[in-house]
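Chemist: The hints should help you fit chain B onto chain A, whose structure is shown.
Protein sequence lines correspond, in order, to chains A and B.
Numbering-wise, the first sequence is residues 0 to 219 according to numbering that gives the first Met the number 0.
Numbering-wise, the second sequence is residues 0 to 219 according to numbering that gives the first Met the number 0.
Zero decoy hints are in this set.
Same chains, same label: a pair holds when it works inside one copy or across any pair of copies.
27 Å max Cα-Cα, derived DSS-like pairs, lysine-lysine:
1. K92 - K26
2. K174 - K206
3. K92 - K129
4. K174 - K150
5. K174 - K129
6. K206 - K92
7. K174 - K4
8. K142 - K174
9. K4 - K26
Rather than coming from a laboratory, the hints here were simulated on the basis of the structure.
2 protein chains.
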Amino acid sequence: MESMKSKVGILGSGEVGRSLGSGLAAKGYDVELGSRTPDKKQIQDWLKSAVGRVSVGTFADAAAHGEILILCTLGEATENAIELAGTGNFDAKLVIDATNPLDFSKGMPPGLFVGTTDSLGERVQRLLPKAKVVKCFNTVNNKTMVNPRMKEGMPDMIICGNDEGAKREVAGLLKDLGWNEPIDIGGIEGARWLEAYTALWVRLALKLGNWSVAARFLRS
Amino acid sequence: MESMKSKVGILGSGEVGRSLGSGLAAKGYDVELGSRTPDKKQIQDWLKSAVGRVSVGTFADAAAHGEILILCTLGEATENAIELAGTGNFDAKLVIDATNPLDFSKGMPPGLFVGTTDSLGERVQRLLPKAKVVKCFNTVNNKTMVNPRMKEGMPDMIICGNDEGAKREVAGLLKDLGWNEPIDIGGIEGARWLEAYTALWVRLALKLGNWSVAARFLRS
Chain A
0 MESMKSKVGI LGSGEVGRSL GSGLAAKGYD VELGSRTPDK KQIQDWLKSA VGRVSVGTFA
60 DAAAHGEILI LCTLGEATEN AIELAGTGNF DAKLVIDATN PLDFSKGMPP GLFVGTTDSL
120 GERVQRLLPK AKVVKCFNTV NNKTMVNPRM KEGMPDMIIC GNDEGAKREV AGLLKDLGWN
180 EPIDIGGIEG ARWLEAYTAL WVRLALKLGN WSVAARFLRS
Chain B
0 MESMKSKVGI LGSGEVGRSL GSGLAAKGYD VELGSRTPDK KQIQDWLKSA VGRVSVGTFA
60 DAAAHGEILI LCTLGEATEN AIELAGTGNF DAKLVIDATN PLDFSKGMPP GLFVGTTDSL
120 GERVQRLLPK AKVVKCFNTV NNKTMVNPRM KEGMPDMIIC GNDEGAKREV AGLLKDLGWN
180 EPIDIGGIEG ARWLEAYTAL WVRLALKLGN WSVAARFLRS
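Extracted from the complex, chain A is given alone in its bound form:
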């Protein structure tokens, strides 16, 4: 029996949102998955198959439900999703930003639509000045987000954000999902490099033909 955990609202019902939602619900979190189309069969199927306390609703429903909110939308849809959810629903909450500003306008593999002097993480924090935004999960595949241990070893999660307490809360949530202590690279402006890393990661995955590739940072 898992102990009671926080209420989590997930914005975005693609593979990332569904994987994190199932994983967190299985660990005792009370999860609402928010979608533009909550009635879609794929989402209703997820609702039936997930173990634990799970519900589905609109972006606004999920944002109101969660004490912790997780952004799992497509990069280019993220700011609009926040507006649809109602920015007031984010105030004073931990907001985990798992998005990537990938630019597919020139095909695969993608570029970034933010350059290296801004990031989607910073844009989200500017849009939600009262929220405590922590960049997390954007550097790994959705299949790696829950129970990440691989045969070759344990990958590392890298996070950043402006609020120390929020980052400690994220470390606790990561531990529940099976991760080691994350590497915290500082303020939310670090998202520039976590997001740029994802463009590299996509190229590694394509080259290796393996979407589960995940970095471990060797230290000795």
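Modeler: Okay, now just chain B, sitting in the frame of chain A:
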């Protein structure tokens, strides 16, 4: 006794140039280290301490000497160093670009002066259209470049470039230095992401207090 290897010209006599120079000379390569100040004590000391066939000279001397050229200059000094060396000295040669376009104008940790729609690797290839530029070594510390195996495992080297033969040659040189087969992410435009990764790597190193941190990409 090592077998005869290619002549290598290294542009840049900082830690990266000296580490690669010593490492390659010890493996049988005939190395000339090129510098703006070849008479400087630090460089003459390196010359005395290095094992194997080593010499020092100007950028132009080193560029003329090498069948393989390695760019180890500061990012912002790279294009000028190439001009000083004489662009004709690069024609038809393998040019390994180990540089990073780090922008320290706002202090530490650095940004990039190229954004994500260009890279220093591409700039070098444009400046040297007849050379075969391969981005390599820029993602690890100079102490990791030679005999990279760590207690925790073997890091991965990632390379990119437009010429397949040149990349195979780099893979051979990496093998001589103790690396596994590198991960080749495609054309030289991949340098955008290898260079952006370095900005992340600097932040990881600062956070962990460990400049030897190096990524291994777990695949299973």
